Every structure is written in structure tokens, then in C-alpha cells.
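Q: Chain by chain, the residues:
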Amino acid sequence: MAFASIFVPNFMVQAVVRAEPALRERALALIDGNPPLCNVVAVDEKAAQAGIECGMTKANAAQFPGVEIRPRSRPQEKSAHAALLDIGWSVSPQIEDTAEDAIVLDLSGLDHLYRSEGEIAAHLAQRSSGCGLLPNVAVASNIETAVLAARGFTGTTVIPLGKESEYLSSLPVSVLPLSEETAETLNRWGVHTCGALAGLPVLQISERLGQEGVHLHALARGAESRSPIVAEQAISFEEEMALDDAVEELDPLSFLLGRLLDQLCARLAARSLAAVAIRVHFELQPAFENAIDPRKEPALQKYLPAVYDTRIELPIPMRDSKMLLKLLRLRLQSNPPAAPIQKMALVAESVRPRAMQGGLFLPCYPEPAKLELTIARIANVVGEGNVGSPSLTDTHCPDGFQMRRFLISIDAGKFDIEKKDSFRREQRNQFFKTPASFRAFRPPVPARLELHEECPVRVMFQGMQGRVLAASGPWRISGDWWRENPWQQEEWDLEIDFLPSMGRDASANRRPDRGVYRLYYDALRQSWFVRGIYD
Amino acid sequence: MSSKAAALRLQIESVLAGRHASPFEYRDRRIVETVPAGVPAIDNLTGGLPRGSLTEIYGPPCAGKTSFLVSTLASRTTASEVCALVDARDAFDLRSAESMGVKLNQLVWVRCRNADQALRATDLLIQGGGFGLIALDLSDTPPCEVRSVSLPVWFRFRRAVEYTPTILLLLDQESNAKSCASLVLRLRTEETNWSQTSESPEEISLPHPPGLLLDGWKSYAEIVRSSAKPQERAAISKDFRKDGADFEMQTIWNASHATQRRHISALPQGARKKR
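Going down the list, the protein sequences come from chains A and B.
Under the working numbering, the first residue of the first sequence carries the number 1, and numbering increases by one thereafter.
Under the working numbering, the first residue of the second sequence carries the number 1, and numbering increases by one thereafter.
Only chain B is shown next, with the shape it has when bound in the complex:
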């Protein structure tokens, strides 16, 4: 029996000679390095973004995809990595990105007019190599246009970034990369938070009271697919038992108000009264 197995093995090896070096060699599962995305709730849930893999974030507009993307860009550019953003609809807002800590001089921004240009630019960037993060933002591209991108394109992208330190991040409205993505997250909006600065009861009773400020909004992130096994997730993520988590976005002015409030609350009682 063993001689038959050996003969069979020899036959297979001879057939695959030149195409596969050693088909029967045991290979350890690749240990994937993950890096924090800069959104604590999602980092706790997923353990971070895997390098050398395709990560897909999808959801409707206003679900927090851009906030997630910009947080990730801030995290990576601060770590002195060079990042690239392929913007299919030229929608990247620089002022909010800079205020969130993105180092713009570490970012290559590609402003495209359609999905075709975006895919070609992404392909060139992946082939160029050396980027810490390549983000393909198809959030504003009509879903039917993204749906028409064939699966082999995503597969090719996945294979191109494999065994490289590059994180390939895809943002769209519907899941398109399917099994080519190592991590798929679905985001949805839960509620929008407004704060009332006016204290007059008459003003507050109006249909649109003055002095209203946008505080932020709450979203929910759900893991749709993760290539990490449960024991691997347990090693890298805190909330590995959960499949989803809430996370909140807050506006810049709200953050600065909150900081002020925190500073005031940290002051001694007497000093607080004086203020």
C-alpha cells in the first residue's frame, strides 16, 4: 500500500514538475499581521486590519465608512507609512482629514472620475508596491457600476497584495469582493445626535429650534466575513465573541467642547465656580 502511495506521489510530482516545486510539502498557515484602524470599537471587534489582505467595508451613505477610512489613514500615516487613496468620485475632504490627524504629505491622492479609472489606478499602485495602505473608495459610485466589476478583478487584487505589508481597503455600498476579502464589515447608521445650546423654552419648542449643534452619530459595525479562525481572533481581539459592535462618531466642534467640559470638570471646585 505504501509503495503504491509512494508511486502515486512520484507520479503526481513528476506531472507537476516545473509548475509546483513541492506539492506535498506541509506549509504552516500564514500568520497575518494586523494593525489598528484607529476606531477602538472596531479594533476590539476585529483585532485590526490584516496586512497583505483585502478588507471590505460596505454600507449605505452616512454609515461612517469615510470616518473609518480617515481614521485608518491617520493611524497609518502617523506611523510614517506611505498611503494611497483612490477616490473614485473625488469626494475626499481634506480639511476634516487633516483635523483628524492624517499627514497629507504621506498620502498619494488619486482623483478619479469613474470606477474604471479607479480600478486601473489601484492596479498600478498595487504593482508599484511599498504602500502601507491602499484604499479604494467606491462609496459614491452607483452600486450597479461596482456590481459589474467581475470577481477575478478582486481576486487579482487580493493575490497582488498577498505576502506584502500592504492593506488593501475597499469601501462600497454593497459587498462585492465576496470571498476575495479576508475581512468584510457591514456598517449601518443607528441614530444622529444633536445637542441643544439654547436654554430658552420658547426657542426649544420651535420645530427647528435655533442653537442646535450636530454632535455626531452612532453606527453599528457587523462582521460579515473574517478569514481569521475563532482561536486566532481570540488572540488578537478583545470582543472576539461578538459579531458586531456600536461605535460613535463625533464632530470636531463637539470633541473640542467635550475637551473643554472635561478640563472644567477636572478643575478644583472653587476654580470651577469662578469660571
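If we strip away everything but chain A, and leave its shape as in the complex, we get:
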């Protein structure tokens, strides 16, 4: 049985760099605390070389030229830790959440998938770098040795069975979980390495340091063993980012969203999952200066919302960050937040990616992801709710329909010859000629009618006047009388011969000299309307 441990050195710095990869090339110092009492809590290698140390005040650190000073970001640390767990679950289902910056993987049973433990360690390191982390990976026969080796050795380390003590001997005692008092005692004894500690007789250590000493001695020898505490697999993927300065414009915002989506997609890819929906949560800047007007009553003040939430449903599970960013941008363009954004969070709802094989002789249909993008772009032009798949509502009310999101069904591409033949047969049976269609006027056009013995004889609408040549009706329909918006109508099909001289200006919609229209009398509103034209 073998265990692998992944340890992220300088975790606070790596969490910030993961969200902003350009910082990797620069000297970085992280500060924490309540302003103005902010102290440096973490530095990267370049900043340490420049002379910045933990505990310095922000003012001191700012005197060093070329050093980026950033606040410590707990949301990013949380995301980085979640990413670390995802890296572990991408290889093994048995993961121990050891610390914020370290996890342990149970590698039992993986020998069928990987040729060697070294390959597993290399794979974990590669996955981690894909998620923006540069960890130390160590594989050993017991958990504690793997954890100590990951903390002590840089890069990947594989400790063969029985050589734990030999490998650990060179590590400093600071990698052990020492209390302050014990560390001081060992320092006083001149014991600086694990090898030196392991060389001491255990009985005498027990007499001087008690059970803690025995435990440390076993750790230093690589002889301590325990079972892993298995963590439950997370099914939600969340990435957060807190901003120093609130962002108002879409371009810088989409740059930041792109980074979050890249990280989210890398985590999804690590778990072999894809997003079926993306939830967006923004915390907005409180805009008291803009919202409060002293001249108005407090009750009439316009308070802007503090958060912005939206959800993007995807037609197929996907993890293409560029495509997701385009969809997110389009959503934010059509429905922008009311105030600048100071904190953002993206949550991916994950499912297994769809695996489908296309056919050679299938009719073409749009690629679902591309179609979703096209529809989102069109919705930006014509408005949300004006594009999609129509469906009739369960009502007798004319023109009762609703717009739904267009989704390509799984069998959309199946060319069903039988279905096509049955359609033709049906059409042949039902219609000897071409079925007549109808064009609706939305909203219905108000009309004036002249009646003779309750039958329309003359019609006026849209500045045109016409004589009724033939009339069919009335066809009485009504419904929804049990609701707030009942309707009661008398429909007529009228063949109208328009008079040539009546108000046809060039800009108006050209009407035919003669046409068959459907008009109705709204009994509740007691007026006539044109519903549409047969065309």
C-alpha cells in the first residue's frame, strides 16, 4: 500500500499567483491585517531575495522597488484548496484533506493504471501545473513519511519501501509537527535534522520529551503509520475573486472572468466532468453616494441591489472556457449589473460530458455550443424572449404561444425516412392542394366596420377603406372567464376589395387590391380588430 502527498509550498502566494499568472515573474509580497496596520504575511522567492521579510509593515515593504504588494486573498486560497482536492480526485477516489496546503492520496489499486509510482507522482505534478499550482509531490509506503517528504523535498520524490529513514534523515526537524517548546529543546541539544533525531535512543527521548518525543522519533524514522481520513467528494466547482478596486466596464471584467473560467474548466477537466450550467454571483459596490439623495424622503430613496445573480444554462455539457466566456459576456451585455463589481464568484454545475458519435449520412444540424452562442448573440439584437423555439399553449385562445429555449434533441440528426414518408402520405391524404397559411398582426390592428343586417359590408383600418366582397362568420369563441383576463370574440373571414384612392402613402405597408382578412369583434372591449391576413 502506497500513499502520495501533494504539498503546495508558500500556499498563500501560490493562491494569488494562480488567479493572476503574470505575478509569477515578479517579486510579490502579501499583506494582511486591518489598515493601516498591515503586515507582510507571505513573500515569494524574488521578494525574499530583495530583502522583504514576513512581519514587515506595508510601508516598509513599499520602499523596495519592483515589488508587487497585494492583500492576502482568502477566497482565492479557498479556490486553490478546492483545486488541490480536484487534482487528487482526478487520480484516486480516496483523498485525505490533510491541511489547506496539503492532501494525501491513497494509491492502492492504481498499479493497473500506472506503470510506476514515479509516473503517478509526475502525473499529479503535471495536473497541478495545469491548475496553476506548483506543488511538491512525494510517494511513500506510509502517510506520515509521504507528508514529511512532500514538505521537505522540492519536486517529485518517490521513497522506496524500507528506505524511509534514509530519505528523511537529511530533512530539517522543522518539517516535523513540533511544538515551540520542543523545537527550542532540540535546538539546544544540537539536533537539527531528522536523521539526528532518529539516531537518539527512544527510551531517553521518552524520559525527556514524553509521548510527543516518541511520536516525533517515529516520524523521523519513517516508522509512524496511520489510516487516511477519507474526504467526501465535492460535486460543486466554485471559483471566487475579491477585487481591490471595483470593476465597472465589461472588458476588464471579462478579462477577470476569463481567468476564473480557465481555472474552473481546468478543475472540471481534472475530474473528467463538464459544466451544464454556470451560476454567476457578483457582490456590488455599495453606491451610497449615488443612491442617497438628501432632497428626497428616505422611503423614496433608490437603493441599488447589493448582489447580482444570474445563471447560464448550457445546451450540452461543456468545459470550453472561451465559449463560456463569450456566453457570459453576452449575458452581461444584455443584462448588466447595476453597480461596479467588487467580488465575483462562478459556480459550475457539473455532469458527465456527453459522448456522441455522428453519422455519415445524417442531415446537418448546428453544433449545439455554437448554436447557443448564436442564439445569445441574436437575443442581444432582438431582445431576450424574442428568439427560441415556439410552442403552443394549452388554450383555445388564438395566438396563445410561448417561447422556449431552443435545444437540439439528441435524435435531431436522425434522418427518419419512414417519418418523412408518413408526412408525405398524410399531406397527400389531407390536402389535395397546398394548405393555406395565415399571417398574424401582432398586436391586432383596430378597425372600423359598417354592418348591414349584422354582416360587415365596409371595413376601415390603417388608413385604408374597403368593400366586403364575401364574409364568413361569425365564429364565436370565448374562454378564460374564470380568470382575470377573459376573452370573448366573434371572428369573421372577409374578402375585402380596397378602394384605390384611400390614403395609401408610400411609407405605409403596401396592401393588396384585394385580400382575405380575419377580423374579430371583441365583445368585452366592444371594438373590432384585424387579426391577420391569409397569405
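What the hints contain is simulated information worked out from the structure, not anything from laboratory work.
A couple of the hints might just be wrong.
Under 7 angstroms between C-beta atoms, here's a sample of chain A residues computed to sit facing chain B [as the list claims (entries may be wrong)]:
(1) E384
(2) S389
(3) T393
(4) T434
(5) G515
(6) V516
Predicted, not measured: the structure shown is a model, and the values here were computed from it.
Glycine included, C-beta positions come from ideal geometry on N, C-alpha and C.
With the hints as your guide, set chain B onto chain A.
A: Showing chain B alone in chain A's frame:
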């Protein structure tokens, strides 16, 4: 002479290098696939709608353009193709479309408010690709507004659908796409058919007798332009010698009455009397 021609050819090829791969290469004329529109008379006349081309149907209101469009949508959606309808004036009637066999779940309907929105939506749909049919319905848009659309727009649309399986169908009141359209049909109304269900002579003699039913109407379709050569049309269409054809539209209730009548006429003599 031949060396001069070779030198000239070499010179032209070197000038066009990078812009045109092989300017002197012989290319076969593109074989255009056609699909039935679902209107037998027009299918016989034209051989169907060409894929990868712009087809324009124009005519006054009430000429049967919408019936033609809906028949085509029914034909394509039944063949499991995804279709898109860009409706410039939000005039598409779903009930009649569904009763004519259009599978609404295979249709992307874009409801626009003006021609500008419709053109932008069409552009996006064409760029998106993968549609069997994209119909741009400008029938209710004032002709002067459609006339102001510049010819390069139609040309761009034609080029965008070229070499794709998409049929781009344009419906308007006047011909606007000109030479950009591979097939242009003009429709006009011939006559409206009404049937009298009342048998009372007094009622029939009234100016607007009761019991009148709209049966449908007859229209005439005329080919204004077709990019298919006569021999190609002969191969794909039955009525290739004609330039126009009558076609009739019938209302849904008339169709169901006709079906009933047909069923009654198909019954044995005794059974018919009983009914």
C-alpha cells in the same frame, strides 16, 4: 506563340500568387442539390429549392408566400433538419404552421421589430451554420425599407451560404436580391374560392349569404430568374418547359371536408345511402 502564352500564364500566376491558388485550373460547374418545397406545382416547375443558394419569393400580400414558406418549413423540419425563421414583423402564425406539419421544436423563431434587426439576425444565423433552411420573411416590411438594403448585403448572404447545405429563402413584396438569388419566383393571386353550405334559395340570394366558407385561393407562380441551365432544369423538374404554374391553397377545414367527402365517395353504394 505557345511560349508566349506560357510566359503570359506564368506572369499571371506569379501576380496572383498568394491570392489565387491556381487561376487556370478547370473547375466543373457546381452540382446544386435541390430539395422539395412541399408545394407540388412549384416543385414540378422549379425542381425544388437549391441548397447553398439564395431563393427569393416575392409578390403582393395574400399571394401565397406564407403558405409556400410554411410548406417548406414543414418539409424540412419533417426531414429532421433544423430550420430558422427570421420574422421581420413578428407575423408567423403558429397554429396554422403546426396544423400544416411544421415541427416547432425543430424551428428557431426570431421575432424582430424591423428589417435591420432581421438582417443582423440572419447574418448571425448564417455565420452560425448548420441550418437546413434559413427563411428571412420581409413580407410585411414596407417595400421602400427593403429597397434601401444595399445589394452587397444580399451578395454577402449568398456567398456565406455557398458551399453549405443551407437554403436561404427570402420573402418580400418586390424583387430586391436581383442577381444574388439563384431562383426568383413571383407569386400573384388569381381568385378566391368560397363555398356555400346553405341550400336555401332565399339565403343564397342575400348580398352576404350565411353559411359561406372560405375554401382557399388560387395563385400563379412565375419563374423570374433561375440559375439552372435548361438542360439542368430538364433533369430536375417535370414542367421545365413552362415559366409559370398555377397552384391552389386550401384552408384546413376545407381539407378536412374534402377528406370526408373522399372517404364517403370511397364507401360502397349501400353504405353511402345509409349515411
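Q: Now, for every hint given, state plainly whether the structure supports it.
A: Now for the hints, and whether the structure bears them out:
1. E384: violated, 11 angstroms
2. S389: Constraint on S389/A satisfied, holds at 6 angstroms.
3. T393: violated, 10 angstroms
4. T434: holds, 5 angstroms
5. G515: OK, holds: G515/A within 7 angstroms of chain B, min 4 angstroms.
6. V516: Nearest chain B Cβ about 6 angstroms off; hint holds.
Checked against the numbered hints above, the structure violates hints 1 and 3; every other hint is satisfied.
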